[in-house]
Every structure is written in C-alpha cells, then in structure tokens.
Amino acid sequence: MPDETPRIPAQRDLATLEAGLDALETARSTRAEPLRRLLRILLPPLLAAAALLGLWNLLVLARIKPGWVLPGPGDVYDALVADWTRYGIGDALLGSISRAVIGFGASVLLGTLIGLAAAGSRTLRSAVAPLLSGLQNLPSVAWVPIAIMWFGITPATIYTVMLLGAVPSVVIGLIDGIDQVPPIYRKVGGNLGARGLVLVRRVLLPAALPAYVSGLKQGWAFSWRSLMAAELIAVSPTLGPGIGQTLELARENQDMALAFATVLLILGLGVLVNVLGFAPVERGLRHRRGLERA
Amino acid sequence: MTTSDFLEHAAAATLDPARPPAVRLSGVCKTFGGADAVPVLDEIDLQVAAGELLCVLGASGCGKSTLLNLIAGLDRPSAGQISVDGGHAALMFQESALFPWLTAAGNVELALRLRKVAKAERREQARRLLSLVRLDGAADKRVHELSGGMRQRVAMARALAQNSAVLLMDEPFAALDAITRDVLHEELVSLWEGNAREGRPLAIVFVTHNVREAVRLGQRVVLLSSRPGRVAREWSVDLPQPRRIEDAAVAGLAAEITGELRREISRHA
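Chains as they are written, first to last, in UniProt numbering: chain A, 1 to 294; chain B, 1 to 269.
No lab work stands behind these hints: they were computed from the structure.
What you are looking at is a predicted structure, and each value in this text was computed from that prediction instead of being measured.
Think of the CB as a built atom: it goes at the ideal place given N, C-alpha and C, for glycine as much as any other residue.
It is possible that part of the hints are untrue.
Below, a list of computed lysine to any residue pairs in the SDA-like style, where the Cα atoms sit at most 25 Å apart [unchecked claim]:
no.	chain 1	residue 1	chain 2	residue 2
1	B	K141	B	Q94
2	A	K187	B	G87
3	A	K217	A	N274
4	A	K187	B	R142
5	B	K141	A	V213
So these bits of chain A aren't anywhere near chain B, every CB distance computed over 10 Å [unchecked claim]:
no.	residue
6	L70
7	I114
8	L197
Please model the entire structure based on the sequences and the hints provided.
Printed below as a string of structure tokens:
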C-alpha cells in the first residue's frame, strides 16, 4: 500500500529536478583502472630502489673502499646463493618468520584487548596513554638483558622483547582512533539506540579502524625490529635458527658479503609485509571512506 | 501558550485532537555551569501536536540546539518536564553525520538493526526508505560519493528508519546551496504529507535561523528570545502547502517575523 503514492505532476517535477541535481553534483569515481593503478603504486619505489642499486654499484666500481669492506651487489648475490644451503639461510628465514608471526600475533591480541578495555573510559585512556608513549620511545633492545636474566636464552626472552616493543603501538593506535571519533558519531549512534558494547562494536570501532591499522603497521615494524635485536643478542643453538643469528655468524666470520645479504633479506621482508599486507588494507580503507590524497 | 490556543491551532491545522501531543515541554529550564549563570532556556512551555510541523526560530545563542538536545534525551533539563510520544525522537543535524564506513543503504540498515528489525526485512525496508527519498540508485554508494543534498536525504531515510513519531531537525539544510535547499524543502514536506496519508503522522520540530525557511515549512513558527531563551511569540502559518519560498504570502509573514526577531536581538545591544 505505501508504494501506491499518487504520482501527481508536482511529485514528478520534484523527482526530475532531484535526479538532475544528483547527476550534476555527484563526484565521479576517480579510481584508475587496475593495471595503471598498480604501475602508479609500484613504479616509483622500484625506480628509487634501482637508482640506489646503481649508486651502490658506482661506489664499488670507484674502489673507494676494498671489497671486504664494501662488497658489490654481485658479491652479495653470490654470497647469498653460495651460503643459502651451507648456513641454512632458508631455515633461518623460516624460523624468524614463524617467531614474527607468533610474536606480532600475540602483540595484536594483547594490544587490542588493552585498547578495548580502555575504549570505554576516557579517564582510563588518558591515564595509560602517556605511559604507553613513554614505553614506545624506549628502544625495546633495552629489555633484552632483563629478559635474558628472567628467562635465560629461550623463546620466552624473544617474545617478551617483541611484546614490549609492539604492544604499545597497537594500544596507542586503537586509543587514538577512539579518541578521534567525531563526537557527532557518538551522538548519532546514541540516538539510533546504540549503547555500551553495541556502540563500541557498531560505531566506535569502525570509526577508529584507520588509526588502528596505522597502529598495527607501526606495531609490526617494532616487532620485526625487536625480533632482530633479540636474535642478534640472544644467540644459542638451543634457540633454533633465525636470520638474526645468521647476521651474528657473518660478523664472527668477518663475512661482509653475507652480512650485507642478511641485512637485505631483513629489509626486504619488512618491506614485503608492508607492501603486500598493510598498504593495500590502508589504501582500501582510505578509498572506501573517501580519504584518498589528491 | 494556553490550552485553548493550542486546540484552536490544532483545529486549524486539521490535526486529530484525540491524539496525545507528540512533544510536551512544561516549565523546562536549562542552565549550564554555576548557580548564578544565566539560564539558556527559561520556563519553556511548548506542545507539539501529533503530526505537526513546527519551526523554531531564534538568533544565535537562543538555545535552539539545547532545546532539541533536551527533547532528544541527549541532555537533561535543570527543571521542568519533557515527554515525547513513544519515548523517542529521531534526530538530524546540519551535517549528515552518516557513517563513512557504510554505504547509503548500510547507514539506513544500521538504524533498522539497532531497532532489532530482522535481517531479512532490513534490506527490503532500507530499499523502500531510500526510494522514498528518491535514492534508489544510490543504495550501494559510499557517503563520500554523494552530494551534500543526497547525504541529507540518506540522513532523512535513516531518521525515518527509526520509526519515531517525532523528528527533530537542527538546521538540517543550513549548509546546502539555495537550489538544493529549495528541493529538500519540497522533499521534506512531501515525506511529511506521505506519513500523514498513511496514518502515521510524523511531528517535526525544525530548528532554523532562516525566517523564510521557517515560514515556507512550518504550520506554526515559534520565536525564541535569547539569553534567556523563552518563547517570545508564535505565529500560525495558515498558508496551504505546497508553498514556495518566493511566494508573496511567505515573504510577507517572513517580513513580519524578521521585524520581531530584529527587535528581539536589539534588546541585547
């Protein structure tokens, strides 16, 4: 019955007028086609990396330093291929990655729980925020000696350092996100009937999502750094292989090419997680909410 | 305002006097801060009949928004009583305040979900509400893809989804250009009349500082004084809808009200 609205001429006029206004005022989608977008995203950083590689090669060719101090890209590649099986670099990589997954996963879980607990109360948020940013400013390497004294050279040491490094970023991201929710969203949510946990779930968390993802991204960077720091310092055969230990091995053997190769691997993995993991998520979020940079 | 005034008005607006008022404020005061602070609202007595379209006018600082917040239950009066038919009023603002992580339909569906409408019905109802504001094609659009006028129409659909007998509007069209505002006036009146036809009268309290807009829309216009906010005067607008903002009769009454508003503001010099 409600659909039987009489279509009097005035109504039809209004409909046409509105359709015209809507057509004139609607922003057209500015998202480029997938291939061009991929090129626009990938090309600049690839070019920059190539330029850096060229510069490095140039410095090596200029022979300002002997090869054992500054190996060339070719030497590093050769070292990587030759030492891959000899030093078990593949296993070391896998070992570090699995620690990274566990440590970062635990940080996200713990950080999110703490952040959520603080989400309901502004007082609690303002109480923990300075503490957390202080903790965030403390290099997590500083925890390594304490963790070793507590747990010895065990996985617990490594995970402790990772958690202390990454959890603050995750919590801060979530808390910042919730603090920055425009007051009118709470007002509207309340008027629509969302209270307590429903308000958190349906309004506050979705509104805080971009800041939360930024927090996760930073948390990942901190956990990867903390992991490498811990692996470099806490070296023991009982701990299993890790890429940080490979780097320490290169130092013991005075193997500059291997050291370079390892650093590049560590760098590459961090970049890969950002490019394949966080960047698309952030771009998607920005796109859906119309926050893309011009 | 006395009861007899109210009934007289209700009869003029061809409303059903048997229905309880949509909103009733009696002796409502609101003071922010200390005891010696000037009250923002002072002894407000106001009734909004079921299905009435009431416009509230006033200069800045007259407590128009405070009044709406009180009716919406976002704030509590310092004194006096407020009752709202059905216990709940939907609310719209100058900004659409749509949630940018949801589509147009998603925003409307959220209002339905929070009213515990079953999932299967939500889609259908949201589609119907969007079609009421002529946004059938925009259901899957994100908020940033919509123009200002379209956003306010989605916000209207979301407000209607709350199924309240009262809709509070806080300068909802103030940020729109004149052409869009004109179209939305028409849209609002047509929605309001549609609700009345379907036997679900919707009372609207429309707050604005735009005198012509108030006369264009309202069956009754209430002028609030500033500091403290009191009902200074009210006019019954006995002009038939559809009106247009450029109608001579609208302009004539608007001129009279503007004169009163200016006198009201001059008192503060």
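How the hints compare with the structure:
1. Between K141(B) and Q94(B) the CA atoms are separated by roughly 21 Å; this keeps the pair inside 25 Å, and the hint holds.
2. Distance check on the hinted pair: K187(A) and G87(B) sit about 17 Å apart at the alpha-carbon level, within 25 Å; holds.
3. Taking the CA atoms of K217(A) and N274(A), the gap is near 8 Å; set against the 25 Å cutoff, the hint holds.
4. In summary, the hint linking K187(A) to R142(B) is supported, as the alpha carbons are separated by about 21 Å, within the 25 Å threshold.
5. For the given pair, K141(B) sits about 24 Å from V213(A) by alpha-carbon distance, which is consistent with the 25 Å threshold.
6. Remark: the non-interface label on L70(A) is consistent with the geometry, its nearest Cβ contact in chain B lying 50 Å away (cut-off 10 Å).
7. At roughly 23 Å from the closest C-beta of chain B, the C-beta of I114(A) stays outside 10 Å, upholding its exclusion from the interface.
8. Every CB of chain B is more than 10 Å from the CB of L197(A) (nearest about 13 Å), matching its label as outside the interface.
Hint compliance for this structure: every hint is met.
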